[in-house]
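Here the protein sequences come in this chain order: X and Z. The working numbering puts the first sequence at residues 1 to 592. The working numbering puts the second sequence at residues 593 to 670.
Hints are computed from structural coordinates only; laboratory data are not their basis. Misleading hints may appear alongside valid ones.
What the hints assert, rightly or not - Partial chain X-side listing against chain Z, Cβ under 8 Å, derived: (1) Ala-37; (2) Ile-39; (3) Gly-217; (4) Leu-221; (5) Leu-225; (6) Ile-228.
As the list claims (entries may be wrong) - Estimated spans, in silico, between C-beta atoms of each pair: (7) X:Ile-228 x Z:Leu-629: 14 to 24 Å; (8) Z:Phe-660 x X:Ile-228: 23 to 33 Å; (9) X:Trp-268 x Z:Leu-641: 37 to 47 Å; (10) X:Leu-339 x Z:Ala-630: 33 to 43 Å; (11) Z:Trp-627 x X:Trp-574: 31 to 41 Å.
For each residue, glycine too, the CB sits at the ideal point set by N, CA and C.
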Amino acid sequence: MLEFAAALNVFGVLPQTGTSLALAVTSLAHLSPLDIAVIVIYFAMVMWIGFYLKKRANTSEEFFMAGREMTAWIAGLSFVSANLGSLELMGWAGSAYQYGILAAHWYWIGAVPAMLFLGIVMMPFYYVSKTHSVPGYLKMRFGQGSSTVAAVSFAFMTILMSGVNMFSMALVMKVVLGWDITFSIVISSLAVAAYVALGGLRSAIFNEVLQFVLIWGGALLVPILGLIEAHGWTGLKAQIIRNFPTQDYLHMWKGIGHFSDNPMGVHWTGIVFGLGFVISFGYWTTDFLVVQRVLAANSLRSARIAPVIGSFFKMAVPFIVILPGLLALVVLHNPDGSLMHLVGEDVVSAHPGMGLHSYNEVLPLMLVRYCSPGLLGLGITALIAGFMSGMAGNVSAFAAVWTYDIYQPLINKKAVDSHYVAVGRWATILGVVISIGAAYLVMSAKGIMDYVQALFSFFIAPLLGSILMGMFWKRGTKAGGFWGLLLGTLTSISLWAWVKEDPSALRYVAFSPDAKDMAENMYRAMWCFSVTVIVTFVVSMFSKPRPESELNGLVYGATKLPKEEPVPFYKNEWYWAAIAVVLFVALNVIFW
Amino acid sequence: MESTKSPNSGDISIWFFIGVLLTIYGAMIGVYGLWELATGAWKDSNVILANLHAPIWWGGLMLALGLFYALRFRPGKA
Numbered sequence: 001m002l003e004f005a006a007a008l009n010v011f012g013v014l015p016q017t018g019t020s021l022a023l024a025v026t027s028l029a030h031l032s033p034l035d036i037a038v039i040v041i042y043f044a045m046v047m048w049i050g051f052y053l054k055k056r057a058n059t060s061e062e063f064f065m066a067g068r069e070m071t072a073w074i075a076g077l078s079f080v081s082a083n084l085g086s087l088e089l090m091g092w093a094g095s096a097y098q099y100g101i102l103a104a105h106w107y108w109i110g111a112v113p114a115m116l117f118l119g120i121v122m123m124p125f126y127y128v129s130k131t132h133s134v135p136g137y138l139k140m141r142f143g144q145g146s147s148t149v150a151a152v153s154f155a156f157m158t159i160l161m162s163g164v165n166m167f168s169m170a171l172v173m174k175v176v177l178g179w180d181i182t183f184s185i186v187i188s189s190l191a192v193a194a195y196v197a198l199g200g201l202r203s204a205i206f207n208e209v210l211q212f213v214l215i216w217g218g219a220l221l222v223p224i225l226g227l228i229e230a231h232g233w234t235g236l237k238a239q240i241i242r243n244f245p246t247q248d249y250l251h252m253w254k255g256i257g258h259f260s261d262n263p264m265g266v267h268w269t270g271i272v273f274g275l276g277f278v279i280s281f282g283y284w285t286t287d288f289l290v291v292q293r294v295l296a297a298n299s300l301r302s303a304r305i306a307p308v309i310g311s312f313f314k315m316a317v318p319f320i321v322i323l324p325g326l327l328a329l330v331v332l333h334n335p336d337g338s339l340m341h342l343v344g345e346d347v348v349s350a351h352p353g354m355g356l357h358s359y360n361e362v363l364p365l366m367l368v369r370y371c372s373p374g375l376l377g378l379g380i381t382a383l384i385a386g387f388m389s390g391m392a393g394n395v396s397a398f399a400a401v402w403t404y405d406i407y408q409p410l411i412n413k414k415a416v417d418s419h420y421v422a423v424g425r426w427a428t429i430l431g432v433v434i435s436i437g438a439a440y441l442v443m444s445a446k447g448i449m450d451y452v453q454a455l456f457s458f459f460i461a462p463l464l465g466s467i468l469m470g471m472f473w474k475r476g477t478k479a480g481g482f483w484g485l486l487l488g489t490l491t492s493i494s495l496w497a498w499v500k501e502d503p504s505a506l507r508y509v510a511f512s513p514d515a516k517d518m519a520e521n522m523y524r525a526m527w528c529f530s531v532t533v534i535v536t537f538v539v540s541m542f543s544k545p546r547p548e549s550e551l552n553g554l555v556y557g558a559t560k561l562p563k564e565e566p567v568p569f570y571k572n573e574w575y576w577a578a579i580a581v582v583l584f585v586a587l588n589v590i591f592w
Numbered sequence: 593m594e595s596t597k598s599p600n601s602g603d604i605s606i607w608f609f610i611g612v613l614l615t616i617y618g619a620m621i622g623v624y625g626l627w628e629l630a631t632g633a634w635k636d637s638n639v640i641l642a643n644l645h646a647p648i649w650w651g652g653l654m655l656a657l658g659l660f661y662a663l664r665f666r667p668g669k670a
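Isolated chain X (complex conformation) (with noise of 0.2 Å):
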């Protein structure tokens, strides 16, 4: 147990005066000269790749599908570093310490299934098709107006989406080295939007890849050490259990039989068919943000094996994000020795001055806490990867998204290749712009996570309807595409209006007055996804279907996918998927 004092050493705490916590602690640690070069250097490398790739972003080929020459293992971790942005390392820790092991959900079922899902089973379509967009793939199913619903909505959640990363990135940046807000916004933006305005889409993945080695390089140290300090996953274990008697922090399954039982309010029909259906399936296969990583593979084969390369290593997340979330649990105490007791970011800040830390500042505590001069920086660094690849992956998305499919069908059909790249390329910087604006409107959001998982729960649900009516149903039509997208939509927000209205129409939607925010994200997202097919559905066999000649390369059952060369088994991606499923199961049983 630390006293104050000692603690002030111990973190590199550095209090504004030296005499209380009351009077306002303007950062937690300060960076030295090596851990500003160790910054310094990462900014002028993303610059470097940036301006290299300027030369292979002239044609719209290249800059917005990267040419489609990315290798399986580019494409893989390019796909999964794009969703391991400030929600995943700042957001994650900070649930992980609120909820427990439970927040690993997001990880396993929330996202593996679905990877190997796309890569097994919708890639060929997607990848066949040979769409430039996840709205374009909509286009060529449902026609024109099913498209324009998905892309204008995509477009504004993916410029909210870059807000949230903004706001987060800054956050850290307030938090840890005390720096201004805006300042932090600014140059952050600044660098995505010149190096993804230069390189385009290989500039974005090339520099996420970087990035996520650098997330792992400055982020694997702190459990390792944690758990040093915590004697090991069993000493750690023991900790949690004495520190914490009456909350289950280490079980995924166990307790989650009834939504008071758990700290989240989940009920398991919502971890399964909520999150580990509809939401992870709408994410992690319908959003362009992801998928377009894969779209700009290099053949078909490697298109279908890199979300599976993908798994694996999105398996692995919870090591650096989940883990120190629990550790935290046990090693950050107060300076009267008292255990730490993190809050909300309302709390927070309804007690100014009163030396109060947010959930979401887990990570930078860890980080400060075991990182001397280097390794801080190096941790610090991999932060800012994590949120630079965030909001890279947001604005090189919008950009493909504005110039395909709403900008040429709606504004100028006719115009030049060369032309249509300018335009990606002022929607890159337009996309940052707005951004920097959806930043300041995140600022007053209660918690990060939970807005998150509303705007997912608006948008993707009602599209992983509409796709899945559309890949595998020949007899959907484009009345039943286009009304079931909207009305879906429509559903979701309205939804979401009504239990903000009156919460107590959670027992409606959630079918529990028991649930919490997330649960009723998750009952939220099955609810419009049911609405989207169902209306799909109806609205279908009561018009008119296309021939099944014109659904070639865009439906099961209506497409001859092209015949792969065969390989040895340890390059087949469904003996990698079968590894990844065990992998998957094991894990859960483990920690169930």
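We have chain X; now place chain Z onto it with these hints.
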């Protein structure tokens, strides 16, 4: 799995960029760790478990990985 090289993505592979960055970081952090050890500065360190000298072994690991990738994927190598 396929080759990790991306021959059509320009003259320089992404793995070379990664190798260069890891080499620089590994050298900087490792040298700092050695300096800390040699001068005894780690005893005054503000971090937990400073006695484990993480900068030395973590920096060394990054340096080794960085050199491997930088050399393996250096521009012009067949």
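Consistency of the hints with the structure:
Taking 8 Å as the C-beta contact cut-off toward chain Z, the hint placing Ala-37 (chain X) at the interface holds, the least distance being around 7 Å. The interface hint given for Ile-39 (chain X) is violated, since its Cβ lies 11 Å from the closest Cβ of chain Z, which is over the 8 Å cut-off. At its closest, the beta carbon of Gly-217 (chain X) sits 6 Å from a beta carbon of chain Z; the interface hint therefore holds under the 8 Å criterion. The interface hint given for Leu-221 (chain X) holds, since its Cβ lies 6 Å from the closest Cβ of chain Z, which is under the 8 Å cut-off.
The closest approach between the C-beta of Leu-225 (chain X) and any C-beta of chain Z is roughly 5 Å, which is under the 8 Å cut-off, so the hint is satisfied. Below 8 Å, beta-carbon pairs count as interface contacts, and Ile-228 (chain X) has one with chain Z at about 6 Å; its hint therefore holds. Evaluation of the 14 to 24 Å hint for Ile-228 (chain X) and Leu-629 (chain Z) yields a pass: the beta carbon distance comes to about 18 Å. In this structure, Phe-660 (chain Z) and Ile-228 (chain X) meet the distance hint of 23 to 33 Å, their C-beta atoms being roughly 27 Å apart.
Separated by about 39 Å at the C-beta atoms, Trp-268 (chain X) and Leu-641 (chain Z) satisfy the suggested range of 37 to 47 Å. Taking 33 to 43 Å as the suggested C-beta distance range, the pair Leu-339 (chain X) and Ala-630 (chain Z) conforms, at roughly 37 Å. A hinted range of 31 to 41 Å for the beta carbons of Trp-627 (chain Z) and Trp-574 (chain X) is inconsistent with their spacing of about 52 Å.
Of the hints listed earlier, those the structure fails to meet are numbers 2, 11, in rising order.
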